[in-house]
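Residue numbers (our numbering), protein chains in the order written: chain F, 4 to 132; chain V, 4 to 132; chain A, 4 to 132.
Watch out, some of these pointers could steer you wrong.
[As the list claims (entries may be wrong)] Derived Cβ-Cβ restraints for the label pairs, each shown as a range:
id, chain 1, residue 1, chain 2, residue 2, range
1, V, LEU90, A, SER40, 15 to 25 Å
2, A, ASN82, V, LEU90, 16 to 26 Å
3, F, GLU85, A, PRO15, 38 to 48 Å
4, V, PHE119, A, TYR16, 21 to 31 Å
5, V, ARG103, F, THR69, 39 to 49 Å
6, F, ALA41, A, TYR16, 18 to 28 Å
[Said to hold, decoys possible] Derived lysine to aspartate or glutamate pairs resembling EDC-like cross-links, with alpha carbons at most 20 Å apart:
id, chain 1, residue 1, chain 2, residue 2
7, V, LYS8, F, ASP71
8, F, LYS8, A, GLU106
9, V, LYS8, F, GLU76
10, A, LYS6, A, GLU65
11, A, LYS8, V, ASP18
12, V, LYS6, F, ASP71
13, F, LYS8, F, GLU65
14, A, LYS8, A, GLU65
15, F, LYS8, F, ASP18
16, F, LYS6, A, ASP18
17, A, LYS6, V, GLU76
18, V, LYS8, V, GLU65
19, A, LYS8, A, ASP18
20, F, LYS6, A, GLU106
21, F, LYS8, A, ASP71
22, V, LYS6, V, GLU65
23, V, LYS8, F, GLU106
24, V, LYS6, F, GLU76
25, F, LYS8, A, GLU76
26, V, LYS6, F, GLU106
27, V, LYS8, V, ASP18
28, A, LYS8, V, GLU76
29, A, LYS6, V, GLU106
30, A, LYS8, V, GLU106
31, A, LYS6, V, ASP71
32, F, LYS6, F, GLU65
33, F, LYS6, A, GLU76
Hint data in this document are derived by calculation from the structure and do not stem from the laboratory. These numbers come from a predicted model, not from an experiment. Where a beta carbon is used, it is the ideal one built from N, C-alpha and C, also for glycine.
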Amino acid sequence: MTKSKQVFRSGPYSDLIAQGVKIGSTVYLSGQVGMDSAGNIPVSMAEQTALAYSSIRILLAEFGATMDNIVDETFLVTNMEETHANLEAIFGARAEAYGRIPEVTQTLFGVAGLLFPELKIEIKCIAHL
Amino acid sequence: MTKSKQVFRSGPYSDLIAQGVKIGSTVYLSGQVGMDSAGNIPVSMAEQTALAYSSIRILLAEFGATMDNIVDETFLVTNMEETHANLEAIFGARAEAYGRIPEVTQTLFGVAGLLFPELKIEIKCIAHL
Amino acid sequence: MTKSKQVFRSGPYSDLIAQGVKIGSTVYLSGQVGMDSAGNIPVSMAEQTALAYSSIRILLAEFGATMDNIVDETFLVTNMEETHANLEAIFGARAEAYGRIPEVTQTLFGVAGLLFPELKIEIKCIAHL
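Model the full structure from these sequences, guided by the hints.
Here is the structure:
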């Protein structure tokens with residue numbers, strides 16, 4: 004029996020990758036970054052975090068899901084020192100995005116680079132309905 | 004139909020992230036590191052590996068799971084040279100934690116940093132019951 | 004009720020890790036790299052990408068799956084500049100491997116190192132049947 008599959012595409016790479024795929028009751032999202040719809044990337048990690056979650060929320064809605072459906076997060080950061088210095092603001096933006104204490108596992112680590120040099124954080128989520 | 008969800012929190016970040024989330028028959032764990040309950044971080048990668056698996060085993064037990072339920076691992080290491088030089092000891096500690104040849108996929112790569120500078124390895128697991 | 008589990012091992016690390024694990028309808032693959040069966044690693048990222056997908060296709064077949072069953076990819080690259088300079092060739096090799104526009108989410112980031120210094124890309128996939 005093949006599981007039902009739903010695919011959502013958007014943005015400049017929509018012919019290469021999907022931004023979200025739902026298979027059975029699992030939703031995989033592509034890593035989301037802190038860029039607004041006009042392509043602007045704010046300097047602050049907290050603002051980038053807020054923008055990434057804004058994209059995540061919009062993508063989840065395409066699958067009938069909300070932030071409450073997220074079960075696992077991977078936080079990719081380009082600078083651990085800057086991350087530590089802004090930890091409260093970053094997790095404040097995250098708390099605001101969730102609107103409650105998230106029931107979510109998280110793995111956070113430093114990467115050698117993200118797709119654009121201005122990006123400081125990328126968030127990859129798995130959700131379950 | 005919403006799947007049953009179980010959440011386990013512990014440690015200093017328990018108001019921010021869960022250490023484990025079970026949704027349906029899948030258990031996601033946050034990445035575990037080589038720190039003991041007193042916050043001590045041993046210098047050796049093998050000892051850090053043993054401690055990380057010790058945490059993983061304790062977390063899995065909260066969900067009625069054991070090491071045998073792990074299906075996928077991500078090994079994040081901060082130094083590839085040190086990893087190669089200690090490969091036998093690291094995988095020896097892992098073999099001891101599993102107690103048999105693990106039926107587990109693995110992806111290992113070098114990261115630019117983990118949460119604390121003394122950390123040399125972080126292990127993220129997915130388990131299925 | 005325990006889910007059915009299928010494990011596939013091959014290669015030099017077969018006593019340490021599985022190259023693929025199927026649990027229920029989910030298939031986890033270990034990260035695959037651009038090395039041929041003789042251990043040769045081509046210099047070009049596009050050729051490494053083609054070889055990695057060749058391994059992925061072979062592994063999926065062990066589980067009765069094809070490239071169409073892949074739902075999520077993680078692209079680990081060692082050099083973001085080289086990745087940008089070869090983006091078209093890399094994604095060309097990927098398009099050829101899929102044979103159509105992939106219905107797959109992707110997260111791409113720079114790592115500090117892969118298992119061997121000659122490796123420039125590693126691809127980790129999750130598939131669902």
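Practice prompt. Determine whether the Cβ-Cβ distance between A/ASN82 and V/LEU90 falls within the hinted range of 16 to 26 Å.
Written response: With Cβ atoms ~24 Å apart, the hint holds.
Worksheet item: Do the alpha carbons of V/LYS8 and F/ASP71 lie within 20 Å of each other, as the hint requires?
Response: OK: V/LYS8 and F/ASP71 at ~11 Å, within 20 Å.
Discussion item. Please check whether F/GLU85 and A/PRO15 have a Cβ separation lying inside 38 to 48 Å.
Written reply: The hint (38 to 48 Å, Cβ to Cβ) holds, given that F/GLU85 and A/PRO15 are roughly 39 Å apart.
Fill in: Given hint A/GLU76 paired with F/LYS8 - CA-CA distance at most 20 Å
16 Å, holds
Item to complete: Would you check the hint for A/LYS8 and V/GLU76, treating anything up to 20 Å between C-alpha atoms as holding?
Response: 16 Å, holds
Worksheet item: Given the hinted pair F/LYS8 and A/ASP71, is their alpha-carbon gap at most 20 Å?
Response: Status holds; Cα separation ~11 Å.
Worksheet item: Taken at face value, is the distance from the CA of F/ASP18 to the CA of F/LYS8 at most 20 Å?
Response: 18 Å, holds
Discussion item. Next pair to validate is V/LYS6 with V/GLU65; report whether the Cα-Cα distance is within 20 Å.
Written reply: 18 Å, holds
Practice prompt. Please work out if A/LYS6 and V/ASP71 have their alpha carbons no farther apart than 20 Å.
Written response: Holds, because 13 Å separates the two Cα atoms, which is no more than 20 Å.
Worksheet item: Between F/LYS8 and F/GLU65, is the straight-line Cα distance small enough, at 20 Å or below?
Response: 13 Å, holds
Fill in: Agreement of F/LYS6 and A/GLU76 with the hint, judged by alpha carbon distance not exceeding 20 Å
19 Å, holds
Item to complete: Could you grab the alpha-carbon distance between F/LYS6 and A/ASP18 and see if it respects the 20 Å cut-off?
Response: 33 Å, violated
Hint compliance for this structure: hints 6, 11, 16 are broken, all remaining hints hold.
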